[in-house]
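Participant: Please model the entire structure based on the sequences and the hints provided.
For the sequence shown, the positions run 1 to 409 when UniProt numbering is used.
27 Å max Cα-Cα, derived BS3-like pairs, lysine-lysine: (1) 98 - 248; (2) 94 - 248; (3) 70 - 84; (4) 154 - 211; (5) 18 - 324; (6) 211 - 92; (7) 249 - 73; (8) 115 - 164.
Have a look at the derived ranges for each label pair, beta carbon to beta carbon: (9) 284 - 196: 32 to 40 Å; (10) 150 - 233: 36 to 44 Å; (11) 70 - 196: 38 to 46 Å; (12) 139 - 70: 44 to 52 Å.
Don't read these hints as lab results, they were simulated from the structure. Glycine included, C-beta positions come from ideal geometry on N, C-alpha and C.
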Amino acid sequence: MFDLDRWREIFQSISKNKLRSALSGFTVAFAILLFTLLFGIGNGLQNTFKNEFAKDAMNSIYMWSNRTTKAYKGNQIGRRIQFKNDDFSYLKEKFGDKIQTISPRIQRTSEVVYKSEKDVYTIRGVYPEYYILESAEVTEGRFLNYRDINEKSKVVVIGKMVEKDLFGQLSAFGKQINIGGIIYKIIGVFSDPGGDSDERYIYTPFSTMQKLYGNNDYIDEFGITYNPDLSIDDAISFGFKMQRELKKKHNVDPNDQRAIGLNNYASDNKEVSGMMVGLGILILVIGFGTLIAGIVGISNIMVYIVKERTKELGIRKAVGATPKAIVAMIMQESIFITAISGYAGLLFGVGILKVVGPSLEKFFILNPGVSQPVVIGATVVLILAGMIAGYLPAKRAANIKPVVALSAD
Numbered sequence: 001m002f003d004l005d006r007w008r009e010i011f012q013s014i015s016k017n018k019l020r021s022a023l024s025g026f027t028v029a030f031a032i033l034l035f036t037l038l039f040g041i042g043n044g045l046q047n048t049f050k051n052e053f054a055k056d057a058m059n060s061i062y063m064w065s066n067r068t069t070k071a072y073k074g075n076q077i078g079r080r081i082q083f084k085n086d087d088f089s090y091l092k093e094k095f096g097d098k099i100q101t102i103s104p105r106i107q108r109t110s111e112v113v114y115k116s117e118k119d120v121y122t123i124r125g126v127y128p129e130y131y132i133l134e135s136a137e138v139t140e141g142r143f144l145n146y147r148d149i150n151e152k153s154k155v156v157v158i159g160k161m162v163e164k165d166l167f168g169q170l171s172a173f174g175k176q177i178n179i180g181g182i183i184y185k186i187i188g189v190f191s192d193p194g195g196d197s198d199e200r201y202i203y204t205p206f207s208t209m210q211k212l213y214g215n216n217d218y219i220d221e222f223g224i225t226y227n228p229d230l231s232i233d234d235a236i237s238f239g240f241k242m243q244r245e246l247k248k249k250h251n252v253d254p255n256d257q258r259a260i261g262l263n264n265y266a267s268d269n270k271e272v273s274g275m276m277v278g279l280g281i282l283i284l285v286i287g288f289g290t291l292i293a294g295i296v297g298i299s300n301i302m303v304y305i306v307k308e309r310t311k312e313l314g315i316r317k318a319v320g321a322t323p324k325a326i327v328a329m330i331m332q333e334s335i336f337i338t339a340i341s342g343y344a345g346l347l348f349g350v351g352i353l354k355v356v357g358p359s360l361e362k363f364f365i366l367n368p369g370v371s372q373p374v375v376i377g378a379t380v381v382l383i384l385a386g387m388i389a390g391y392l393p394a395k396r397a398a399n400i401k402p403v404v405a406l407s408a409d
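Facilitator: Here is the structure:
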């Protein structure tokens, strides 16, 4: 039940003891402020990791060929390893049970022209499954299909930034562009969570690119997504196994780390997961350390406040106030100051993160922020601490006899 007289007494007590109330409030506000900033920065670092992995499918493996760095079986150092179409068939046949999708890739850089607009872009010859590897999303038209592959069609799917560069505000869908002197039809436009750089690629059928750029069966790279049911350790082992088999097939020294390159996102996931767990633990330790410091500060201040008000409490008891009423009044004042100060600290912390957030990107802290449940939970902890801190000394003071309280220094 709302007691107007009690609230008046609380506000009178606060106004008469401004310094005491300010110190109590500052302790709580500062603890919540630090807690908010710490968790916000921690979340910003986690967002950075997530953004990096958003560029490609999380269960991706990429393999590419290079030159050997070790002599092996009569072959000299520096021999160029060249993937071919039969390597693609070999991987599908040997590891089909663990492969979710697989696409070969050829990549070239070429000038692209539309009317008076032109620029240089990276052209990728791929299979239809490749959009899964890139986590791309077609926003207009469609992606490549197997009819395009079989017919070696001169069609392309372009990124949104290519569309913006060459077509401005116009739609590129259905129009034709000149790539290295060859006319292609645009059948789709895609967006990519990797950002602007990944939206400046142009995709064309793998078979078309093989025919037009060399008329051979060469492959630059394989993009693979493995079965998502594989554990991280199994996925890492799977990647190394494919690499070993290709080394065997191309007579490469098993210890040659350069001849056939491997980038397995499972390894990156394992490292990043460990880092994020460690970072989370560190932030929790520091954050809760901050809260404990705030709790200790509130407790000390409340002990001082109750001791300072011993005479006042004696007078209240002398004129008929019950111990229960005295305890309730002190606790209500404590909770009020703690809640208001905690909310102020929360608002101030969120405001700081919003203002300085964009400037923190250069320190690899992306979109720092905090979830409301976490900070509200921290504020509730401090409020409970304020209740306990106020209750224990108030209980002792409320049990003192009025004559003893009045004679206290």
